[in-house]
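Residues per chain are reported as follows:
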Amino acid sequence: MQTPLASLFVKVRSENRAALIAYIPAGFPSQEGCKKIIKAFVDGGVDAIEIGFPYSDPVMDGPTIQAAADKALSQGTGAAEVFDALKYATDLGVPAVVMTYWNPIEKYGVEKFALSIADNGGSGVITPDLTIEESSDWKAAVEKIGINPIYVVAPSTTDSRLGQVTARCSGFVYVASLMGVTGTRTAVSSGAPDLVARVRSVTDTPVAVGLGVSTREQAKGVAGYADGVIVGSAFINKIIDAPDEAAGVQAVKELAEQLALGVREGR
Amino acid sequence: MTTMQELAGHFGPYGGRFVPEALIGALEELDAARIAAQTDPVFIEELAELHRTYTGRPSIITEAKRFAEHAGGARIILKREDLNHTGSHKINNVLGQALLTKRMGKKRIIAETGAGQHGVASATAAALMGLDCVVYMGEEDTKRQALNVARMKLLGAEVIPVTSGSKTLKDAINEAMRDWVTNVETTHYLLGTVAGPHPFPSMVRDFHKIIGEEAREQVLELTGRLPDAVLACVGGGSNAIGIFHPFISDREVRLIGLEAAGDGVETGRHAATITGGSPGVLHGNRTYVLQDENGQTIESHSISAGLDYPGVGPEHAYLHDIGRAEYRAITDAQAMEAFSILSKTEGIIPAIETAHALAGAMQVGKELGPNAVILINLSGRGDKDVQTAAQYFGIPL
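Respectively, the protein sequence lines represent chains B and S. Okay, so the first sequence: first residue is 1 according to my numbering, each after it adds one. Okay, so the second sequence: first residue is 1 according to my numbering, each after it adds one.
Please keep in mind that the hints were generated in silico from the structure rather than gathered at the bench. Only a predicted model underlies this, so the values are computations on that prediction, with no experimental measurement involved. Virtual Cβ for every residue (Gly too), placed ideally from N, Cα, C. You may find that some hints are simply not true.
[Claimed, not checked] Here are the computed distance ranges between Cβ atoms for each label pair:
1. S:Asp40 <-> B:Leu261: 56 to 64 Å
2. S:Pro13 <-> B:Glu15: 45 to 53 Å
3. S:Arg269 <-> B:Ser136: 32 to 40 Å
4. B:Gly76 <-> S:Glu213: 45 to 53 Å
5. S:Thr186 <-> B:Thr186: 20 to 28 Å
6. B:Gln258 <-> S:Pro279: 44 to 52 Å
7. B:Glu133 <-> S:Arg269: 33 to 41 Å
8. B:Ala242 <-> S:Gln387: 42 to 50 Å
9. S:Thr186 <-> B:Gln2: 40 to 48 Å
All chains should be modelled from the sequences, with the hints used to inform the complete structure.
Take a look at the structure:
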């Protein structure tokens, strides 16, 4: 599917670097604050943005993103706010996708959700708990509307299954670097390069690595073997740790600048 | 009743697998292990021996003649799962899955618990089989069920209070799933109900259907016929599916599940998922869910921690849709009345969960009249609920 996201990976490949992909849940720290963070991402050199759909039961997420999602939900964040944040990002000219657990899509309406993604300039959707066995309705919808379905693969995914899952992916393949939930870690898993190599042996779709990346050094390391570096919890920690919103926005921009350097130093 | 769809983990449109890809390998491994075990005489005999010598199976049936006076005079027969070791039906599933854990070469089990019955049963099986055991329990529930927390600790388990979300059973399941995603190579997630991703709903049912198999024979022997109705409480629905399943092809036997209406379904403060919810996805399967317009799970409410869950097993969702089983909602007040009546008429203090089924029997008995035979799954005993009940009835402790 030829989306702004797909074009981005063509561009970064030509520049011989990795893309920096940043995550923020809609409605966090507030609906307006989320937009300031998105602007800080863009100003800091982020290449693509994931807007999280806050969900009550996020089993793939660690405490940082859970806490951010809980805060967003307590402020009434729903589909309208997710699409509003998505539109804000794409209006800034940056490729953007939504990351959401499956139930909010099913409740919204499967094809309608895909259509709202496209209507708001979005390139695709990351679905961390949608297995390929349950994805036939979603496959039909994304193909009809023309957006990228992005699935997550894990170190435990067998080679034969990697082939099946990546065949359903476009835009990029989301590689979970380790067995676990989202969150910053002192080191990126040593298993990540192996998994990326296994993914590359079954698909030409770009590969982005998430889970555990928080520093320029880690971004540099991952950029050495992946097409994209995904950072989420590290940004949220900056917002949580800041004394006020303005300081949080500034800290996010500075971290983005550091990571943007990292993704250019990997090769 | 096993259809091709069920082989793929579906019950009509319900069930399936909605989980992080990281868990697929473990679910496949578990499915292969349980299918192999089902036809392995060694496994079958090992589990049967444990049930004879440890669980205390077969559990007896008791005709509740004095209670029946409050149920329209119908014959009321109680299947006494409360007499099992650890005090509820939960042990049936736990021993089966613990044996599977050993067969898969894993040394650690994790479990979620609401009322604490499944946590206690899991800790018990872990102690018996020399497995490490971690139980996730909502912080709210650790307060409501402090006695069971102590029991788990005495049995050598680690109990981790869960402080995220609503701090109840649903969040305990989330936390157990996160642990499992992280430690899946060494750890089996010993899920306690007929929910979760395939193969849990089918596997847990298969370990509990011994309840219905025994009860069907016992009722036939006692009364010379099949019951008119089989009743059980439904949270996730494990004890209900266990007693329902062997009766599914007996079309003349009504299957009635009793959900927790809390303060009343109309108040929004309830846990009656089929009665008051809608189809959605929660905890790895498609089923009825209490959810808002954005697909966010709504907190459930019930006096009974074991029924306080905003989802329900996918097979129940299917049995409801095809009309093979009926689901009714029983309020806290109705359940506590039945709790009191059974205690005072039969000398049996039931779990508050089970009291919902008893309250249902009081309704159904009056509807069917004195010629009816009603089988109730007395799924658990009320020792753990003494504090809650004493508070409810104003008995000073």
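Contradicted hints - numbers only: Violated hints: none at all, because every hint is consistent with the structure.
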